[in-house]
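Residue numbers (our numbering), protein chains in the order written: chain A, 1 to 664; chain B, 665 to 1070.
Taking lysine-lysine and the DSSO-like style, the derived pairs with C-alpha atoms no more than 27 angstroms apart in a straight line are:
#1 B:K954 <-> A:K32
#2 A:K447 <-> B:K1001
#3 B:K1014 <-> A:K32
#4 B:K844 <-> B:K1032
#5 A:K32 <-> B:K702
#6 B:K1014 <-> A:K8
#7 B:K1014 <-> A:K56
#8 A:K653 <-> B:K1006
#9 A:K206 <-> A:K216
#10 B:K684 <-> A:K26
#11 A:K653 <-> A:K641
#12 A:K174 <-> A:K76
#13 A:K364 <-> A:K441
#14 A:K26 <-> B:K667
#15 A:K282 <-> A:K240
#16 A:K150 <-> B:K1001
#17 A:K32 <-> B:K884
#18 B:K702 <-> A:K26
#19 B:K954 <-> A:K56
#20 A:K8 <-> A:K56
#21 A:K203 <-> A:K174
#22 A:K150 <-> B:K1032
#23 A:K175 <-> A:K216
#24 A:K364 <-> A:K150
#25 A:K8 <-> B:K954
#26 B:K1014 <-> A:K150
#27 A:K32 <-> B:K687
#28 A:K32 <-> B:K684
#29 A:K206 <-> A:K174
#30 B:K954 <-> A:K26
#31 B:K1032 <-> A:K653
#32 A:K264 <-> A:K285
#33 A:K364 <-> B:K1014
#34 B:K1006 <-> A:K32
#35 B:K1006 <-> A:K447
#36 A:K150 <-> B:K1006
#37 B:K1014 <-> A:K447
#38 B:K1001 <-> B:K844
#39 B:K910 <-> B:K931
#40 A:K26 <-> B:K687
Derived from the structure by calculation, the hints contain no laboratory data.
Model, not experiment: these values are computed from the prediction.
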Amino acid sequence: MTEEALLKQSHQIFDELFTEFREATKLTKPGKAQKLINRIDMIAGTSAGIEMLYDKIDELEAAGIFEETAWIDPSKLVSGLVQGTIKSGHPNSTYELLSELRILAIARERIKHPHLSGANASDFLQEVVVSNLEFFYNDPMEETRLMMSKHELQKANVLFGFIAQKIELNGIKKKLADELELICLQRPVVTEKQRKLIVLIRKRIKPDPGNPDDRKLLEFQYALYRPTLSTEGKDTDSYKVFLESLDVDQLEAEAWEMGESMQKFGLVSRFHAVLLRLLVEKNHKELVPTCLSLSETGRVKWLKHEAFIADLIQRVIVPYNEQCIYGLANILETDIFSREVIRTGISNLFSIRINPAVEERILKTTRAPRDQVSSQQYLIGSLIRILGQPLGVRQGNNPTCQSARGISMWSQFAPARLINMLQTAAVHNDLALRFEDREVKSSETGKGLVQTLDYNLDAVSVTLVPLLDKIYNEMMIRASGRGEDPHKWVNPALYGQWIQVGFASAYDYLSNAIVDFDGFTRIFYAMCHPEYNGGYRLVYPNPVGIYITSSQGEMLGFHAISLLRVEQDPEGNYRAYFLNPNSEGRQDWGQNIRPSVFGMGERYGESSLPLHEFASRIYAFHYNSLEAPRFVDDIPAAAVKEVKDLAKNSWGKSYVWIETKKKW
Amino acid sequence: MAKCFALLGWSLPVIESMQKLGKPYVVVSFPDFEQYAKENEIPFVSYRFDEWSDSSNAMDLLEQLKPWNADVAVPLFEETVEWAGALNSIYRDDPRVFNRAFLFRNKAMMKRKALIGGLRVGLFEEVYNKEGVKSFMKRLNEANLQVQGEEDSWVHIKPFAAAGTVGHRLLRSISDVDEKCQDEDFPCLAESHLPGIEFSCEAFIHGGKIRFLNITEYVKLGYSNFIPEGHHLHSRRERILTEMQKLVDIFGIEYGMIHPEWFLTEKDELSFGEVACRIPGGHILELAGKAYNFDSLAAFVQCHDPNLSEEELNEILPPLNARPEQFYGNVMIYPRKHEISKLEIPEELKEEPYFLDHNLVPPLSTQKISDRSGFGNHFGTINFKGPDPDRMTELLIHYENVDFYH
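With the sequences and hints as input, model every part of the structure.
Shown next as structure tokens:
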């Protein structure tokens, strides 16, 4: 059956069930309501379904769908409770969804309600939308993903996409501006979230330049649509014609303005690509550093590799692939291009033939017109973004924190390896790694953790992640049954030699309990706390396993992150700075533990927590087995207790704790 | 026309059908339902069917029903069959109506009656302990000329008076008797295993004649069935109707609906299993109502009324030879794990054109699952609808084996 026929039939059955529900007396209504709500649950996963439900919402309400439920009176509903109900699953989430559609109908004055005015309904929905933006982007937090099924997530995503297009957004302008700022401050590699929100605001809000909140929103609009004054009212073609009429001084001013605009939020406008290409093509290469807003260091690097980079710009950077310009600017501030292997690796990527399956994955990550950018340009552009923003790698709506963490680590410490892996994966749609002297080939392994990839990722990730994910899973299988956490062997094999040999796990496989958490915490501090480890800083990222806890501190599941550095924050407290491949800057892990993403000394893309709070959530990490043990006895008991109390009163409640001392 | 129907047993769908019908009725059921009945203006007499004493008996109930002018009693559940029989024997002034009710409540008596009347039945016996079952199985082995090393003959044991598959056990060997039988199973009926495909009939009877016959094809007893019958059974419909009328004649049933189970072998032998005269399990009447497009519950109730006119009968029942174009089937879902924490509706079901609805409820938290008994304690039903009975059979077999609860 075609999708259309199925949809039609599904709606027909909905009508039948709805008729039965309508005709039932109150004696059998609950039973019919159950069947009806189950059908609504199925329909609600598509936008056509949501539209149909919205069209019928007044009839559904009149027929009594909300009777005998908590949603009976819309004027008594609380916007802050919506998210919890949506996360609690069907049937609650389905009633909640219908309730939002009813309030939307009230806000748009299609339904008149005696106790809820259109204006109040609109306010309610604006609050709901702004506190549920993760569903709007379809980029859920780790907690959300652990709690909700795929279908439930899809329902929420479709619902919020629908509502956001239909309501007033004027009441939440400040919150939307804050939200955009929060995302941009993390400088993610994939900028779809910001762009989606900026497009929505552009369609739905008429900013008033006199109002400070609106000015902020305008700045975001400008970053994409009017990066320089001269781009006002132009499209890329007419902008190009305009640029051709400028003299060198005017071009320099234009390049400067363009570079500044990009640095503001890390967002690149399509006009930027036009300008940059023109500078290279028309032999104004000396203006490129200005156009990229480079520092003195960056300018030196540019001069050194001018021919290589100019070629790269011409071959890769086109409108629709413009975001990689920001990555390029960042790379030039580092030493990456100075390495011959990197330049060779990138040049090689131009001559490969991309495997059709990989090409399909790459093209799915973008909505740009197919004839404008080739999959090769996307792939190399994406590589540039990742090399320039290694801490901006994210996992999207995929349970693949391990692979995302790997890509981020390699782009910082083994970029040549990353490029080489990328080349193999792109050509063969396959990868082979070594695990304990045996080859692990992704094409010869079973399933990975991810069954259907969410394509809201960069092109490097969609090329590598499905393969890495399977290899990781296979390594985990091979290393299981050894009475210890398999990550002890899998992490070094997967990520590389800089992973320390020592491995500490709070969880003991043999006794199925948390054993000697004191000792575990001592080793942790001895590994990374500058006051107790001899004053050393971390050199390489440490792959750390953490417990994800809810805002009530309850254990939800496991997550992989990397500890990047431990340093004093602006207030003088020791903080852990880490990469969370799934961070959105508003997480709440309970016990007042809220990872921050800016303002506490974080670099773009980092999350941070006071060190003891961070320590209270970890269950596994690597350490130098020759260094750390000699410091363990110097760590004050009070520091250990502080961590243990937090751990025991949160995720620790799900485990038995054994205090026997263990040799670390 | 009946002055007032006394509905014995609590069933909201039946009450709803009666409300829509607009004929007078009164519900007789346990005191637990009194409050709800009052709040919803349902005519109600509170009675404890599980108590027999000087003050709780049919004569007392008769008195209590007098203010309502009740003159037709309708049993909705197995446990109210003899109460209805007692009341109707008085209403109709025929003591055998009461005796007949016992036929439905004692499976050994039921089988003897069928055997005397000339229906084909399996070998059966009343047994009082495990030894009795073993002896029965041994005699059956002898009769089947068992050679050493061959499997034992299969034996079923069933309580004398329980609905459907409640307490029903299949014993495949002498050692099964020790392992599966409990002391509280006895006394009960032991019978030989009847081969063939199993189906049930729902015959609406008035004036001793079958006025409408539905055949329900069992895909798996206790799990799934569909209506109307598939192609093969349908080709035997005339034969089935003849045997059904024979059953009605032998049992002397005049009014109401009977729900017997039959077995049809490849050699076209038709064997009688057992018969009930209340609302069948497995949502059969719900499916029949949808397939034949009639109010099966209102018809069920009204067929008990001896004064129903011919016109009324024609109006409330589908024609005897009706053959619906759409098949309605269902599968009852039982968790297949001992502990469950979530419900997952598979994508393939959502995309299945025959899928109609389900009423599965997600577990509130992790919960342990106890063993099932009869058609009871299933977690919900999935309904299908479609034009091809073979596809329907495939679907029901498939979904019986799908894990919805994890």
